Structures are given as C-alpha cells and as structure tokens.
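Since the structure of chain A is already known, use the hints to place chain B on it.
Going line by line, the protein sequences match chains A and B.
Quick note: to get the numbering used here, add 5 to the position in the first sequence (first position is 1).
Quick note: to get the numbering used here, add 5 to the position in the second sequence (first position is 1).
Calculated from the structure, these hints are not laboratory results.
Given the structure is predicted, the values throughout are model-derived calculations rather than measurements.
It cannot be assumed that every hint is accurate.
Heads up, the list lumps identical chains together, so a pair's fine if it works in one copy or across two of them.
[Claimed, not checked] Straight-line distance between alpha carbons at most 27 Å, and here's what the computed DSS-like set of lysine-lysine pairs gives: (1) Lys52 with Lys21; (2) Lys132 with Lys117; (3) Lys132 with Lys48; (4) Lys117 with Lys28; (5) Lys52 with Lys117.
2 protein chains.
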Amino acid sequence: MITDTIQEWHRLVKEKDAAGLDKILSENVVFHSPVVHTPQAGKPITKLYLTAALHVLNNDTFKYLREVISGQNAVLEFQTVIDGISINGVDMITWGEDGRITDFKVMIRPLKAINLVHKMMGEMLEKNKK
Amino acid sequence: MITDTIQEWHRLVKEKDAAGLDKILSENVVFHSPVVHTPQAGKPITKLYLTAALHVLNNDTFKYLREVISGQNAVLEFQTVIDGISINGVDMITWGEDGRITDFKVMIRPLKAINLVHKMMGEMLEKNKK
Numbered sequence: 006m007i008t009d010t011i012q013e014w015h016r017l018v019k020e021k022d023a024a025g026l027d028k029i030l031s032e033n034v035v036f037h038s039p040v041v042h043t044p045q046a047g048k049p050i051t052k053l054y055l056t057a058a059l060h061v062l063n064n065d066t067f068k069y070l071r072e073v074i075s076g077q078n079a080v081l082e083f084q085t086v087i088d089g090i091s092i093n094g095v096d097m098i099t100w101g102e103d104g105r106i107t108d109f110k111v112m113i114r115p116l117k118a119i120n121l122v123h124k125m126m127g128e129m130l131e132k133n134k135k
Numbered sequence: 006m007i008t009d010t011i012q013e014w015h016r017l018v019k020e021k022d023a024a025g026l027d028k029i030l031s032e033n034v035v036f037h038s039p040v041v042h043t044p045q046a047g048k049p050i051t052k053l054y055l056t057a058a059l060h061v062l063n064n065d066t067f068k069y070l071r072e073v074i075s076g077q078n079a080v081l082e083f084q085t086v087i088d089g090i091s092i093n094g095v096d097m098i099t100w101g102e103d104g105r106i107t108d109f110k111v112m113i114r115p116l117k118a119i120n121l122v123h124k125m126m127g128e129m130l131e132k133n134k135k
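Chain A on its own, in the form it takes in the complex:
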C-alpha cells in the first residue's frame, strides 16, 4: 500500500532509485512512450523504459514545474536541458486503490526535443537489453 503515490514518485526520481520502481508499479502497469503509439504492457517493459528515462532525462537541470493532481490522476510537467536542447514534457500518472501506478504516459515538446529523446532512449534501451 502506497499512501502518497506522487510523493513516493518524487523521492524515487530525486534519488534515481530505479530499484524502487518494483514497489511503485502495478504488475499490470501500461507505459505509453512519447515516441511510439503502441502501449507497452506489464511491469518488466515499463521498468525498462522508466529506468532509461531516469538516466537519460534526470540530469542536474531536471526539474518539475506545474503539477495538476486530482483523484487518482496526476500530470507532472517537467523541464530539462540535454546537449543545449530544452526538453519540456509531462508525466501522466494514474494509480489504483493500493497506490501503485497502473498507467504511465509521457509526452514531450518541442519537436527537436522529442527527436533527441528518441535517439537517446533508443541507445539506452539497447544498452540495457544487453
């Protein structure tokens, strides 16, 4: 049981605690990437994507901006800079009665940023699969 999903998510991001994903993700969580249409179903693949994101996006310039939270839904807007390119995005998070995340969707703007993240995430996912 997680009493405050978003508070726990923030702790996890701050500490780059990829192992902590196990506890916060539901077994049947679905991940929606900013790049690809097809949803990625299940905890293993979602962990793979979020671990890559924790490493790729979460540098010293990473910060959350607006947070809009209502019921069991949150939208956390973030900003980071990679290779001099400003990346602005949202983590759209839904959780269940037990507080564990059931749906995680990421969107990114502008176009230049999504192209960069596409490239970097691809490289990171390849490395993690090995």
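Leaving out everything else, chain B in the frame of chain A:
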C-alpha cells in the same frame, strides 16, 4: 468574467467557435506549440494557432479523454485520427482570476503524430496569414 473556463472551452471546441476565442483568451495569453520551443505571446498569435488547431485536429474522431483539473490549471487529454494516424495529446490550460486563459500549452505523441501536425498546422497557418 468566465465562471467555468473549461466548460466554456468545451463548448467552444464542440461548436468550432473560433470567434469565441476573443472572450476566453486573456490579452497577455502565451501559447506554447508542441513543435516549436519559443513561446508565442499575445492574443492575436494565440488566436491564430488555436483557430488552426480547431480546424486541423477537431474532426469527427476528436474526443477528450482524461481531464485533470486543480485550482486554475487543467490538463485535458485528447485523441483524434487524421489520415489514419492516431494523435494523442494534451491541452494544458491556466487561467486567471477573471477566468480568462493566460497560458495554453499543447503536447502531442507519438512522433509520427507530431510530424503530421507540424506539416498540417504549417499549411493552415500559411493559409490564415494570407
């Protein structure tokens, strides 16, 4: 004074009431496109973008999905299909004490969709400028 900004926004989208943008937008509204980093400041340029969006995205398949609203912030997730390509996005809307929109940001996924919207919005904006 607008008592329910999001309700008024929904009416406007449903009726494709581009003229109604005048009433709902603050003079100093800032628009953030899914494609370009630089914010677009002021009512005239914001009206131009939102009018183009009302025409490009708002076809028979357009519908809103999740809505996360808190205080004077709303995130409205939408979905539409254009030329067989699924477009999933968010309208991130902030308003002032008078209910008028002060900030409007759009993000779109996946990559294929943002490329299509980039192309279509460009054509529409060119047409509207003439």
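Status of each hint after checking the structure:
no.	hint	in the structure
1	Lys52 with Lys21	within (13 Å within a copy, 41 Å between copies)
2	Lys132 with Lys117	both (23 Å within a copy, 24 Å between copies)
3	Lys132 with Lys48	within (19 Å within a copy, 47 Å between copies)
4	Lys117 with Lys28	neither (34 Å within a copy, 33 Å between copies)
5	Lys52 with Lys117	both (25 Å within a copy, 24 Å between copies)
The earlier numbered hint that this structure contradicts is number 4, and it is the only one.
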